[in-house]
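Novice: Go ahead and model the full structure; you've got the sequences and the hints to work with.
Protein chains: 2
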Amino acid sequence: MAAMDQAQGMAGRDETAKGDKTPRTERGRRTLRKLLDAAAVEFGERGFHDASISGITRRAGTALGSFYTYFDSKEEIFQALVRYMSEQLRDHVTPIVQAAPDEIEAERIGLASFLGFVREHKEIYRIIDEAEFVDYASYRRHYETTVERIRQRLEAGAVRGEIRSDVGEIHAWAIGGMNVFLGMRYGLWDADADIEAVAAIANDLLANGLKRRD
Amino acid sequence: MAAMDQAQGMAGRDETAKGDKTPRTERGRRTLRKLLDAAAVEFGERGFHDASISGITRRAGTALGSFYTYFDSKEEIFQALVRYMSEQLRDHVTPIVQAAPDEIEAERIGLASFLGFVREHKEIYRIIDEAEFVDYASYRRHYETTVERIRQRLEAGAVRGEIRSDVGEIHAWAIGGMNVFLGMRYGLWDADADIEAVAAIANDLLANGLKRRD
Chain A
1 MAAMDQAQGM
11 AGRDETAKGD
21 KTPRTERGRR
31 TLRKLLDAAA
41 VEFGERGFHD
51 ASISGITRRA
61 GTALGSFYTY
71 FDSKEEIFQA
81 LVRYMSEQLR
91 DHVTPIVQAA
101 PDEIEAERIG
111 LASFLGFVRE
121 HKEIYRIIDE
131 AEFVDYASYR
141 RHYETTVERI
151 RQRLEAGAVR
161 GEIRSDVGEI
171 HAWAIGGMNV
181 FLGMRYGLWD
191 ADADIEAVAA
201 IANDLLANGL
211 KRRD
Chain B
1 MAAMDQAQGM
11 AGRDETAKGD
21 KTPRTERGRR
31 TLRKLLDAAA
41 VEFGERGFHD
51 ASISGITRRA
61 GTALGSFYTY
71 FDSKEEIFQA
81 LVRYMSEQLR
91 DHVTPIVQAA
101 PDEIEAERIG
111 LASFLGFVRE
121 HKEIYRIIDE
131 AEFVDYASYR
141 RHYETTVERI
151 RQRLEAGAVR
161 GEIRSDVGEI
171 HAWAIGGMNV
181 FLGMRYGLWD
191 ADADIEAVAA
201 IANDLLANGL
211 KRRD
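Taken in order, these protein sequences are the chains called A and B.
Using this note's numbering, the first residue of the first sequence is number 1, and each one after it goes up by one.
Using this note's numbering, the first residue of the second sequence is number 1, and each one after it goes up by one.
Just so you know, these hints were derived from the structure itself, not from any lab.
Be a bit skeptical, because a hint or two may be false.
One copy or two, either will do: identical chains are not told apart, so a pair holds if it fits within one copy or between any two.
Stated by the list, open to error - Derived SDA-like pairs: lysine to any residue, alpha-carbon spacing no greater than 25 angstroms straight-line:
hint: 1; residue 1: K211; residue 2: T146
hint: 2; residue 1: K34; residue 2: K74
hint: 3; residue 1: K21; residue 2: R119
hint: 4; residue 1: K211; residue 2: I96
hint: 5; residue 1: K21; residue 2: D204
hint: 6; residue 1: K211; residue 2: T94
hint: 7; residue 1: K211; residue 2: R149
hint: 8; residue 1: K211; residue 2: S165
hint: 9; residue 1: K34; residue 2: R59
Specialist: Shown next as structure tokens:
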């Protein structure tokens, strides 16, 4: 469960306190998710500095006390939110990618589903990008874990003989950057772009490169 | 001249005032550049909120009055700085790219020179990325103009028959994203990475794609 994972994985709190703040009931997990979903809207709309804990609990429809059951500060819920969004994205894309018949197709479907996710969660760019200034470790971890998943897919595809055998980390960072920029341009900025067409064109670049095919 | 271009192109100041603040002498242009170079260090080290005008003039070795000869506020020099850095990057990469024998090679050399630029100007990521929060129009313009230059190179390369004839804006955004992420990973985060090797591998992906070449 993403919400639990991130609460457990939280840095800057000692092990005991961390254990104390992990929700133990389904109701508690629901409240935690409500707070994180509300935090996504609050930080997404207002930015870190203007966002407030009372704004988050108001949006979540919870008492202020509920916030402090799970988080000590605005910094802490922001850090948890970056991980939560990163995991939501992973959970959205992973099953779709895993159902693909081969690695080239997995990257096409992965990009299309990412572009769809951005359309539905436009706040993801602002939140992840603001982490660069609020909590650099979270920012870096988001990209490192996302790119590592791409690298593992590439490697598995190479082992299965679907793509070149020399793929590695550099290719994974290139693909990650490609996806993030296409998401910004065609998911975030352009609500009318044909997401499937963008993914198909980018995937053809990825599969075949720019060289003339004569 | 980049510094003049950006002073002239500044938004939020009426035409007359703008004209008044453009340096008319070589000495004035030198002072303006000193202020912008100092602003890059100040904003790069401290971030927008903690940076101060007095910090900028101290680093530039100029009087506070000099600052107000060219800028009205911290917001205004930040906006000018984003454009200045964007133009410095363009001026660094463009002649190198134009000397390339063909478009595929142009993209390889362009990426290698970008990675080198990042190593020398590590503050560029923090400054451009902070523009997303301080001045979104500048942030977006930086990427749009950078990607538009890539698109024009691709189109010219296609006309010369060096690459596929169906290249366009989507390919340009994909390449822009690839370069920015490779710059972050191997230019900014990893001071020891072999920049030429990274550029060669990414360029081979761009030229030939991921499909097995049997």
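Novice: Please go over all the hints and tell whether each is borne out by the structure.
Specialist: Now the hints, each set against the structure:
no. : hint        : in the structure
1   : K211 x T146 : between (28 angstroms within a copy, 22 angstroms between copies)
2   : K34 x K74   : within (15 angstroms within a copy, 38 angstroms between copies)
3   : K21 x R119  : neither (33 angstroms within a copy, 42 angstroms between copies)
4   : K211 x I96  : between (30 angstroms within a copy, 21 angstroms between copies)
5   : K21 x D204  : neither (47 angstroms within a copy, 49 angstroms between copies)
6   : K211 x T94  : between (31 angstroms within a copy, 22 angstroms between copies)
7   : K211 x R149 : between (28 angstroms within a copy, 19 angstroms between copies)
8   : K211 x S165 : both (20 angstroms within a copy, 9 angstroms between copies)
9   : K34 x R59   : within (9 angstroms within a copy, 47 angstroms between copies)
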